[in-house]
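**Q** When you get a sec, could you build the whole thing from the sequences and use the hints?
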Amino acid sequence: MTAVVDAPSGASPETAPEVGAVPTFDVTLRIRRYNPEVAGDEAYWEEFTVTAHGTDRVLDAMHKIKWELDGSLTFRRSCAHGICGSDAMRINGRNRLACKALLKDLNPDKPITIEPIKGLPVEKDLVVDMEPFFASYREIMPFLITSGNEPSKERLQSAEQRERYDDTTKCILCAACTSSCPVFWTDGQYFGPAAIVNAHRFIFDSRDEGGTQRLEILNDKEGVWRCRTTFNCTEACPRGIEVTKAIQEVKRAMITRAF
Amino acid sequence: MQTHQYDVVIVGAGGAGMRAALESSGRVRTAVISKLYPTRSHTGAAQGGMCAALANVEEDNWEWHTFDTVKGGDYLVDQDAAEIMAKEAIEAVLDLERMGLPFNRTPEGKIDQRRFGGHTRNHGEAAVRRSCYAADRTGHMILQTLYQQCVKQDVSFFNEFYVLDVLLSSDLSTGEVADGEPVAVSGVVAYELATGEIHLFRAKSVVFATGGAGKIYKTTSNAHTLTGDGMALALRRGIPLEDMEFFQFHPTGLAGLGILLSEAARGEGGILRNGDGERFMERYAPTIKDLAPRDIVARSMANEVREGRGAGPNKDYVLLDLTHLEPAHIDAKLPDITEFARTYLGIEPYTEPVPVYPTAHYAMGGIPTNINTEVLRNNTDVVQGLYAAGEVACVSVHGSNRLGTNSLLDINVFGKRAGIAAAAYAATVDWAELPEDPAAYVVGEIERMRDQPVGERVSDLRRELQESMDLNAQVFRTQESLTQALADIKHLKKRYGSVSVQDKGRRYNTDLLEALELGFLLELAEVVVVGALAREESRGGHFREDFPTRDDERFMMHTMAYQRPSSTAGETEIRLDHKPVIMTRYQPMERKY
Ligand SMILES: Cc1cc2nc3c(=O)[nH]c(=O)nc-3n(C[C@H](O)[C@H](O)[C@H](O)COP(=O)(O)OP(=O)(O)OC[C@H]3O[C@@H](n4cnc5c(N)ncnc54)[C@H](O)[C@@H]3O)c2cc1C
Ligand code: SF4
Ligand code: FES
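Chains as they are written, first to last, in the working numbering: chain A, 2 to 260; chain B, 317 to 909.
Keep in mind the hints are simulated off the structure, nothing from the lab. Worth double-checking, as some hints may not be accurate.
The list that follows gives simulated cross-link-like pairs (lysine-lysine, BS3-like), each with its CA atoms no further than 30 Å apart [said to hold, decoys possible]:
{"#": "1", "chain 1": "A", "residue 1": "105", "chain 2": "B", "residue 2": "820"}
{"#": "2", "chain 1": "B", "residue 1": "468", "chain 2": "B", "residue 2": "534"}
{"#": "3", "chain 1": "A", "residue 1": "154", "chain 2": "B", "residue 2": "403"}
{"#": "4", "chain 1": "B", "residue 1": "468", "chain 2": "A", "residue 2": "171"}
{"#": "5", "chain 1": "A", "residue 1": "119", "chain 2": "B", "residue 2": "426"}
Computed from a prediction, not measured in an experiment: that's the story for all the values here.
**A** Structural data, given as structure tokens:
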């Protein structure tokens, strides 16, 4: 087939739309900025417009801004494919990972709003202080607890027993769930969904013997009972973990397991 | 400036760093410094598995594993190190299980194992099930499990601190310190991201565990933060880098993006097809086909594309076909990577083949160490108190091509060894003398970068570097392409002198750090290319079209690259030397699969 040079792409009936060649489009990002060092204590909005490609993610657009327009725009990121948990942010009002949110899925006709996740102190632009989040995580004793002598080989566990807690092992500690939780917004002392998810990962592991201690910790006034089952966390989780279900299971274990 | 004092300082909190910390922190006062929160480290991206001859599902033993590792590395592997790794693999996997790692299980409840490229039964007879795994997120589980144990042991972390210099008792960078003379480490200098403050960490032992350098390439499976910091810092301080010309290109990156689809996809039965639908690996590796080692598969793929048999509108990729596998099987064994295909390419792997192309994946080379992870400053002398483990190091268990699953193994085996050795050394020695004004170099670099009012943009230089490396120093290399790459790098290094950053602040200045990371990338790329130019043969991950065969006569040796002052004042050049390969059991043979 001879190529028709000046036909608009995709217009000719013989040219199948090219899978590899994706159209470009302009997209505007409306970003919540905050930098006490230069701009005072007030946060403000700033808009940037960049050209994006069909498969670009929000993270690509943010890099474009940082690399070509404003080097001071600050956010965390590392892996760029949803596995390290660095770049949870509020994108069009929903918590997501910037590296997993495709621009084309976000209606690029309107400005896309980007804000830091809520409930944790903002340090600069999209960077929040993660320490309170990790402190809650550490409190639920997120490690295998066993007694007696170590076996000389592996501990046995059936495929079914392994499956029981598979879902909650997927957590990448991105804080999307915790920072989408209305209870956490109003009461920063609440452990939050992520800590409970990680407690669940051990409470339902057949090899673990620390369930009672963890349930006691979570029975605290800032523990699981504060959860009001709003499902925000489940919707926010980029790993598809059934967060609310995990919290429910921990609640149930508290009632049924004697301690 | 703040000063801290620890017996052992570990730089990096990926798998290697945390495995070392678990050993060291129980013995002596230990700090772990990491530019990322530990759980953000790229070990978490590893998918496929970690090999160990547990023989849980079929006959296997560590000697076969050693052989596969040596052969896989095209005989450039130090065989004593490979033997240690294969032997200690078994305990390393069991250690992780006992720490709570949720491995997939056999029907009897033991750790399940699956096939992986280049791992065979009885010296190449057939593929063997050796890889221990947790779905396709084995690295995630390793990173989480090690972090959990660090929480349990209350390890001290300095998170979001960038180490920017390593302090030695003598200046090795001029090349004037005589062989045999004692040289010791005395600490590191770090930059705190949150505040911009400089911290001096005085230490008796320092362990480098800073991971890889994939960002010298454009198409890569590596994180944005994998900028080879540890390698570059060592190089600048006069420590050589070993075998840097060997970079692994993983066959199955998502086309155009580089995001990895684990070899496990082929281990579970996935097939590579060209644009004609042909299973082309049958032509290149008749015995183990799609499960041949990565260098062979990557080159075969690139060759199909080059000869016009690619798929897609531009015929510039090949296809990874999983459509003949049961969806339930895919969901159980490969959930994450099939999700990547859906999210990033909009492809449904149940019904459509996935476009793939080789992606820069793993640095076989790195800071040279002996089997005790002590860093070498020439072929024989160690830098006292300085250790390296993981992707930053070259002990050389991977030779010229790493087998899949052998890196997660490497970080556990040699991470553990590094932690033990660093603590043992620190327990017996006194504090080494700090150099005068120890932070001067780092402070100077940062001020220079921040104070440059206008100048070159970091992102332009980085893009040009990465594009040149992809074009000229990737799967296929020639004298001509490498000469071009070297000229590009030299030019970019000059321009780097006038780089300026827009963010002049102290808080969370990632703009500044990206500029410093670019400096590391430029220097490492130069080492890669200079080594590749000199190695006029093809071996493992390094393929020279103008010298397409392995030349044991001239090149059965490790490259040792030193950065030394050049005749032009203020500039440096790379000088190459060699180190013999350690052979114990296996004599080099032709590598056929
Ligand atoms: C997508 C992908 C899949 C993979 N799959 C497998 C697999 O299935 N099996 C296998 O065996 N291998 C696999 N690998 C390879 C393997 O995962 C890595 O080689 C290994 O995890 C590296 O571990 P590490 O501890 O050396 O480094 P990393 O995990 O990369 O950690 C580096 C650490 O150093 C820190 N750091 C870096 N620079 C500085 C600095 N200047 N100052 C302070 N801290 C610093 C970082 O913060 C980080 O904590 C895969 C790799 C990738 C990219
Ligand atoms: S449960 Fe999901 S949303 Fe919450 S921290 Fe873990 S991965 Fe993130
Ligand atoms: S950058 Fe790692 S999860 Fe987005």
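**Q** Does residue 468/B pair with residue 171/A here, judged by a C-alpha cut-off of 30 Å?
**A** Holds, at about 20 Å.
**Q** Is the straight-line distance between the alpha-carbon of residue 468/B and that of residue 534/B 30 Å or less?
**A** violated (39 Å)
**Q** Just to be careful, I want the Cα atoms of residue 119/A and residue 426/B compared with a cutoff of 30 Å; is the pair within it?
**A** violated (43 Å)
**Q** For a C-alpha distance cap of 30 Å, please report whether residue 154/A and residue 403/B respect it.
**A** holds (15 Å)
**Q** When you check the alpha-carbon spacing of residue 105/A and residue 820/B, does it fall within 30 Å?
**A** Since the Cα atoms of residue 105/A and residue 820/B sit roughly 34 Å apart, the hinted pair is violated (cutoff 30 Å).
Hint compliance for this structure: hints 1, 2, 5 are broken, all remaining hints hold.
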